[in-house]
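Protein chains in written order, with the numbering used here: chain P, 1 to 426; chain E, 1 to 278; chain R, 1 to 264.
Treat the hints with care, since some could be wrong.
Said to hold, decoys possible - Once the Cα atoms are required to be at most 25 Å apart in a straight line, the calculated DSS-like pairs of lysine-lysine come out as: (1) LYS225/R - LYS215/R; (2) LYS58/R - LYS366/P; (3) LYS42/P - LYS88/P; (4) LYS366/P - LYS3/P; (5) LYS412/P - LYS3/P; (6) LYS366/P - LYS215/R.
Don't read these hints as lab results, they were simulated from the structure.
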Amino acid sequence: MDKDFITRGVRRCSPSRFAAWLTPWVVLLAFGLYAAGLCLIKGLNQTNMDNRFAFGLWIFLDLTVIALGAGAFFTGFLVYILKINELKAVINSAVVIGLVCYSGAVCVLGVDVGQPLRAWFTFWYPNVHSMLTEVSFCITCYLTVLAIEYLPIVLKNRKLRQVPSFLVFEFELHKLVFVLAGVGTFLSFFHQGSLGGLYGVLRGRPFAFREGLAIWPSTFFLFIISAAAVGPSFILLTTWMVEKITHKRLVRPGVLELLGRISGLLMAVYVLAKSVDTLIWINRTSPEVGFPAWQYYSWNPFGTWILVAEIAIFGLVPALILLTPAMRRRRGWLVSAAAMACVGVALNRFVMTVQTLALPTLSFDKFLSYTPSWQEVGTFLAVVAYGVLVYSFSFRYFQLFPDERMLKMEAKKEVAEEPFEMAGRY
Amino acid sequence: MLPWNYGFHWNTGHVVFLGAFYTVLTIVATTLVLAVLRSRRAIAEQRVEDIGWHADFHDLSPQDRVCRHVLSGELQCRECPHAFDCRHCETHARLVARHAVAKPAEAEEEILGMTFPLDRFYHRGHTWARIEPDGTATIGLDDLGQRLLGVPDSTELPQPGERVSVSGTAFRVHKRNANVRVLSPVDGEVVETAGPGSDWILRVKTTGGGGIDCRHLLRGSEVRPWLTREMERLQLTLSAEAGSGATLADGGVPVKDIAAAYPEADWDAVCGEMFLEP
Amino acid sequence: MISETKQFPAAKYGMTIDVDRCNGCGACMVACAVENNVPPAHEGATDRKGLTWLRVYKVDNGLEYPDHRTAFVPVMCQHCNHDTPCVHVCPQQAVDLDPATGVVGEMPQRCLGCRYCMAACPYHARYFNWWDPAWPQGMEKTLNPDVTPRMRGVVEKCNFCHGRWHAAKQLAAASGEPSGQPVEYTPACAEACPTGAIRFGDLNNPASEPAQSAKKADSFRLLEKLGTETKVYYHSEREWVRQTAQAPRPPQAGKPAGKEIARG
């Protein structure tokens, strides 16, 4: 029925089967929108955030999702600026994932603030000293860039490209994509960094506060490195998931291994930088303001295990796995290591947001705990559902994986050649 | 924000920050505007077909973009940098100047059971062009192209007076689930379209001064190696699209209506592959 | 709220709170809420979701009976004078440190409700409007016409009763005094305190009580090592009380926050 809209030569399931796949996600989206609607209409009292836990699940997940979506800018940088053409196989998918991650995060932020209609105030009365101003500006610009990068993917749809103006516009835009990739890299560098800077500048929270370079605390650079490290891993993970769900080969194994290697390299750099930073923080930064570091980890449940988990178990271990060629070649190890890297970065974001707020600053404070309400969880599930829906739609109608067709033909060729090989053995 | 509001003072931080922001915005906006303006100019200059072909060519797999001189054995390995438009190619001019394309030994080319007459030039999209004595060119589908399409379900031919361009759309064909455009071998203005049952399809006349340029088309001894390669490609595509057991044994001749021989094949994919529409 | 200071000396309003005098009655908290049009707690509000610009904390020395001692520490916005964390982080410049008065002021009309300032404040002195403000019928008669009520979704905090400062300025102008001169006024909490534990004044005026208290040896400020240079000086003759202001960790059973065991 919708064959005319589907790329030539690739197989997609029937429209009714596609609708069946979409249905649960649509239901989830509807539920999530209801949860978000409650928060917008009734107020943020619908959440379990309070005056001490000013940031909760949403901010933690926003930061995580933005770090995971960093694959978009980083792959764009590698393909269009460094000309690593092997990654052209995943750049379209990365752009869609990036768009979904960033637009989802921005929507959640719109629900998270008390007065979403005042969002433009940041642009009219910017506080150039505040990291959050920087984040707002950069993320808005970057979302625009991602939307523009998504446009050619849409316009190359088989039916749409028959419209002459779409065909020509896509062609001209593609010639300038390196400009967008460069701008995207610049913007991403700054906003990933500023997201780290958000916590590194908090003088009043010695758990989060870090020294740094000029106005930029060390967390600025750590967040950039970790985002660049986990971006390729997340692309690896999602590509593998899509291959599993659709039962198709979408990329050559070498591409996944390359992504793993890049991720492993950057993870190793990150773990090294983070370890140095942690040592400085434990021995100098925190004690200097009268907060000995050991006491942060004397509160249940955040013992020292969380530090070990973040840096060693979900940091060093995946880095080493991804750097070992023999392990990279085994799909199970490769995907597991990528997943562990993603968990490690999520853990880092959790520690910076939730743990920072849980720890007491004043001596008569208590250690606080917080559990998200169902409205908060629902809102975030809406983002997940939205992401799956957009990605599914894009996968069906646009060419997210340019090598898909060639891989299909090669697979058939292998099958066809097999009988002859077997004949030769006898 | 504005200088006269509430004692706002510009300092270095503001200049750097807002400067960077507005520079980025300007760059992004300029890129978009530039793309829009270039698109409008391209449409006004009627380069849509040309651009469409360049976009298609870009999406072909590297093996399909191989230079004609690799097929004829003169070069080891080269990917065509001009989207098969050899008129603008220095390498082609140089190689042709060294030795012109030889005529094959046989009077009429019978290659792999198909007829490829010597009195015409062949486009890699399986169309041919024959220069007539009165200076017009006749365009038709070559033997392999005809066998692929068999008796088409419908065709969309251009009207007399319409322009066709090299590697632009000559006409569109529907066969089973295939919906594919066929490339024009030459530039020109359509003067006549053939009736059903003819062995040609269009007749065009040149638009500018001078004759019809055919430098970019294959001829003579180039045809056999090209066709051999095309049969390999067809084999590959059929085995991929037609499911199990689709092989053309060596020496086998493709039937008059290949589509009928492979009823379960995704004919759209096969035609797209052979007529260079990715 | 930003004023250009001209040739008149700027005020630097501060407070001194004598912890030894505070008996935890909470009159200051009530007076603050009444003065500043803080709405009553909404149904479902918890201890951590209410608007308490001024909060009296009960602290103890961590020892068991008979050595267990308690004290009450009223905490409001400390009006940090150096590297003010909330001013630094607000993306809309909805908070500023007024150079003419030293008051860290909040513009609820500009606040986006991002709550970054709340994360930044080490004293937890900032509060968010989780609900729309609502006053039960009849209670609107108690509203203070000089203070703007805030809407849902914005942050608010103590501003040293800025409305009273404005009133004092108007009175001074009406009586013909030069307009730039610092004025004297009393915020609601200082006015309501029955033991006189809370005193307010201009730190730039050496004769004012806060200025004098600041010079005393047993005066202290909360979390001084952070370098925020707060303008609220606490005072206690008890060493363990002074320790609670610095020790980042609440005293555990058997482990006093300070080294001395309090007496009396």
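25 Å Cα cutoff - pair LYS366/P, LYS215/R: violated (31 Å)
25 Å Cα cutoff - pair LYS366/P, LYS3/P: violated (62 Å)
Is the straight-line distance between the alpha-carbon of LYS412/P and that of LYS3/P 25 Å or less? holds (22 Å)
Does LYS58/R pair with LYS366/P here, judged by a C-alpha cut-off of 25 Å? holds (12 Å)
Take a quick look at whether LYS42/P and LYS88/P sit within 25 Å of each other, Cα to Cα. Cα-Cα ~46 Å, so violated.
Taking only the CA atoms, is the gap from LYS225/R to LYS215/R under or equal to 25 Å? holds (17 Å)
Checked against the numbered hints given earlier, the structure breaks hints 3, 4 and 6 and satisfies all the rest.
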